[in-house]
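Residue numbers (numbering that gives the first Met the number 0), protein chains in the order written: chain A, 0 to 171; chain B, 0 to 369.
Think of the hints as simulated: they come from the structure by calculation, not from any bench.
Some hints could be false.
To be verified - DEER-style ranges, computed between Cβ atoms:
1) A:Asp-107 / B:Glu-76: 55 to 61 Å
2) A:Pro-130 / B:Tyr-133: 35 to 41 Å
3) B:Ala-302 / A:Asp-77: 53 to 59 Å
4) A:Asp-77 / B:Gly-139: 48 to 54 Å
Where a beta carbon is used, it is the ideal one built from N, C-alpha and C, also for glycine.
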Amino acid sequence: MVTETEARAGSYEVVCRLNGREERLTVAPWETLLDLLRERLGLIGTKKGCDHGQCGACTVLVEGERVLSCLTLAVALDGCDVTTIEGLPRLAGDGSLHPLQQAFIDCDALQCGYCTPGQICSAAGLMNEPPPTNEDEVRERMSGNLCRCGAYPQIVRAVSSVVLAPAGRVPR
Amino acid sequence: MNPFHYARPTAIEPALAALWPAGAPGDDALRWSSAEGLPKVLAGGTNLLDLMKEDLMRPRALIDVRGLALREIAPTEEGGLRMGALQSNAHTANHPLVQERYPVLRAAILAGASPQIRNMATNGGNLLQRTRCYYFYDVGVPCNKHRPGTGCPARHGVARQHAILGASEQCVATHPSDMCVALAALEATVHVESASRGPRSIAFDAFHRLPGDQPERDTTLEADELITHLTLPPAERFAAHSCYLKIRERGSYAFALVSVAAMLDLDDQVRVRQARIALGGVAHKPWRDVDAEAVLVGQPADAASFAVAAQVLLHDARSVGGPASPEGWNGNAFKIELARRAIVRALEMARDGEVSNTGEDAFRRQEAKA
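Generate coordinates for the entire structure from the input sequences, incorporating the hints supplied.
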């Protein structure tokens, strides 16, 4: 069956930038980015929660925008820039933790930690969008990421500490 | 997901040829026999891939159209707006011309889904998300939409998300889009193209269907047609008095129980020159009612007039669903009263210049007031 499947639909070569490195991959059309990352590339920081676009645990950045890797076909990423939680420290520039990662530690913004990579990638994507103006807006703009431990107050505090422009400073 | 062919054309002609059952002459990569079933268009994939994971849709081929140049948002010569089918919902909501001229469209988009999904979802794809309900999503139960003729347990089941207007014996599902409710109120036009019949335009009200005895068909789009862009007529006379009100089970990231796009053109005496009212969460399609709009013309923009409009709009509303719902109402009968109140409230908000009760802008406005 597998052979027949491959003969019918074939596999496709995809070249993309993954966490700053060029990757040349052969993928089946129905392979999701999430499964590619976790099952084949060993990048298990990106989590599979619902696998249906409802929880946000699989959030990654494609071309700097936060998207759901469970509803993204790997084959469609040819030529794209992809950043996962493993690639975020690189964005900090000096190899240290990304400010959002540090903020999650400082604010104790997790309990079990399963939603955390998705939360942090989502917040990193938020930093590339029109800036939020207050914590209530941060809560709304992070609403695509569920936390079943209920660490929301700390998550909102951690994200706000990074993405809200300090008083007196011109918003980004 | 079922196995499928994949192609990513970079120009519109080969894309349309690939959607044509006869296939694309001369290009083997884009050719499949019609015996394998019709191909489907892949854009953002947020609904299609989810349905494929559930085995609810099993296309034999996906034509990924994201390589096509259909992203432009630009003013039209008539003072309206042209929006490319492949522009993301997020970029559309943030576009300066949308913010300035069509605040109800921005509000509706930002009321829907999550930031991640709005980044992925496209304008054309938003129209083509399936009209659906929880029973449709459960492959283990009969569903006339999924398997025509098997029956509709939703009709007597848990019905909070189900229709109160325009439902049929066959189907009581609702179209979940927020964006489309605003597009209905704004009288958008959907522009499509196919290899066999060329381009045509479809008035927004004629794009989505009521279920009737063909609930498997959500829209009037033909299988080989591609949405290229949407156009909006000028609506500046409504811009200061537009509202998108969304009532749902939680504060964000949930489908509407009832939503209302309300737009008013008011004279100096705060009388209604023209009104637009469209509802979401209540029918198989975005529900616009021109009769309800007409009764407001010349009337004072007050709660009494708005209540009359709501009465006209909901005249034929009927509840569906079983009696065992926790509210103690019969099925989703509570939605009829909820819709009545939501219509009045949305029109009051539009009159008062309040754009929405939800979405990120609502929190900015709170800050501005404080």
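Hints violated by the structure (listed by number, smallest first): Hint 4 alone not satisfied by this model.
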